[in-house]
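Novice: Put chain B on the given structure of chain A with help from the hints.
Going down the list, the protein sequences come from chains A and B. Using my numbering, you'd call the opening residue of the first sequence number 1 and step up by one each time. Using my numbering, you'd call the opening residue of the second sequence number 1001 and step up by one each time.
Bear in mind the hints are in silico, worked out from the structure with no lab data behind them. In this text, all values refer to a predicted model and were calculated from it rather than measured experimentally. Glycine included, every Cβ here is placed at the ideal spot set by N, Cα and C. It is possible that part of the hints are untrue.
Stated by the list, open to error - Incomplete in silico selection of chain B near chain A, CB under 8 angstroms:
(1) 1033
(2) 1117
(3) 1118
(4) 1151
(5) 1152
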Amino acid sequence: MVCTTVLLVLLRQALWLVVPFLLAIILYYALFPPVRRLTLAGVERETAAAIVAGIFLVAALALMVPTLSWLAGQAVTGEEALLRYIEGGQALIDRTLTALETRFGFLKRLELHAEVGGKIAEFSGTYAQKQLAGTLLGAAAWLPAMLLAPFLAFFFLRDGRRFLKFMGDAVPNAYFERTLYMIDRVDATARAYFQGLLKLTLIDTVCLALGLAVIGVPNALGLGLMAAVLAWVPFIGSIIGCVIVVLVAATEFPADPWVVYAAVALFLFVRLLDDFVFMPLTVGRSLHMHPLPTVLLIFIGGTVAGVPGLILALPLAGVVMVVAGTVGGIVNEPRLRARHLFARTLRERRITADLRL
Amino acid sequence: MLQIFQGNRETPRLGTLRQLSLFATLSPLELRVVDGLLQERRYLKGEIIFDEGEEGQAVYLVIAGRVLICRQGEPEAGRITELDSGVVFGELALLDDSPRAAQARAAEDCVLAALSRGDFESLLDTHAVIGSKISLQLARQLGRQLRERSSAAERRPL
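Pulled out of the complex, with its shape left as it was, chain A reads as follows (with noise of 0.2 angstroms):
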């Protein structure tokens, strides 16, 4: 755990390559079965590589014009269409917090729908007019960076089995074989964790999508995708999610309340599928850890490292504890020590055969 911290803390400091090259090796892992199946095909590995993100680049432009056209249609109307989704989540709390008072009386007297409401409504305004400018700017500076991605995949999918392969060439013949068995369970681990992720993700887009269009929310696929994506951030991910599905159903349907909170009941009974079913099928099964440190790293990845370090904790535990406990058991392996001063020994006999008084 202290490694994962120092790791987690270490990788702060370099925010703007972490978040692209997290992006990257969810791309890598999602992008190198194909590659896989053209290599073992007879396809040379970087043709494999380029094929594979050449087709993902197309497919990606192909998706993302008729999006980015879309857009700036929607771009006029944009701060109109955010402001009436927070005006619709206002009037959400405010018809929730008069219900509430009618039916309990010491709320009235709390006062808690003036307290609430005026809370909110500063905060809503504030926000709007201060804070979301510099937020959109924020995110647009992030662009560059996160246009490294894909340009990181495609190099992980060309050159990571020769990387591999010069990790393995500079190992000694003593440790060889320890490290052949590091490199594996570190890629295993790697890809088991973000595959589960990907899947689960397509699961997730499915149930709530399938779910939100059987309430009748508009947009239902779209917004089941960003909840899905939104998720990847453990706890505050499945929290914005569900608030902006729950925006936009008090927005569209304002006089009938039950399309929340089924939204809401939706999302609950998704996490719970989440938790109990599809997590331990995909992405659990690969980390094989307690749920208590779990937990407790994914705070600490947070504290140290914000939202990257909530995605990230969970992974690094278990890259580090594939390498620390090979690298431990290499260490505490007197045999493989003497073998390896053994093997330089008659190495150094051999340069220096002629050399000797």
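Specialist: What follows is chain B alone, placed relative to chain A:
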């Protein structure tokens, strides 16, 4: 269509790999796939390749030189066999997940190609044709070794 993208780079090791009994039935294309997974290691005479009882993480092919298989720490008295170039060893530990059955040492300076457990298993999982061809050759090699041992035991005086 895939042929368009297939490179024609012939590594020097491919020629040697072609001579190995383990890969005798592989097509040139399949051989190149396997070649991409191999890691070359060089050992000096007397250097230990692996110890008896160790967890096996790779199967080795002798590209050049000779390898001695012996009881742990007994290269002379515990000598089991000596392998020439073209022979595969260390495959048992990978097939049944058992510890290494004997010690392997370089009988002379040698060049080995190692195929890691991860790559070997991934090959069996994802490329059924190559996997089955290699498995069949491994089974034949193990059968041959078994027959040689049994006939040697029969010849031994009681």
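Novice: It remains to establish, for every hint, whether it holds in the given structure.
Specialist: Okay, the hints, checked on the actual structure:
no. : hint : verdict
1   : 1033 : holds (6 angstroms)
2   : 1117 : holds (7 angstroms)
3   : 1118 : holds (3 angstroms)
4   : 1151 : violated (33 angstroms)
5   : 1152 : violated (30 angstroms)
When the structure is compared with the earlier hints, violations turn up for hints 4 and 5 and for no others.
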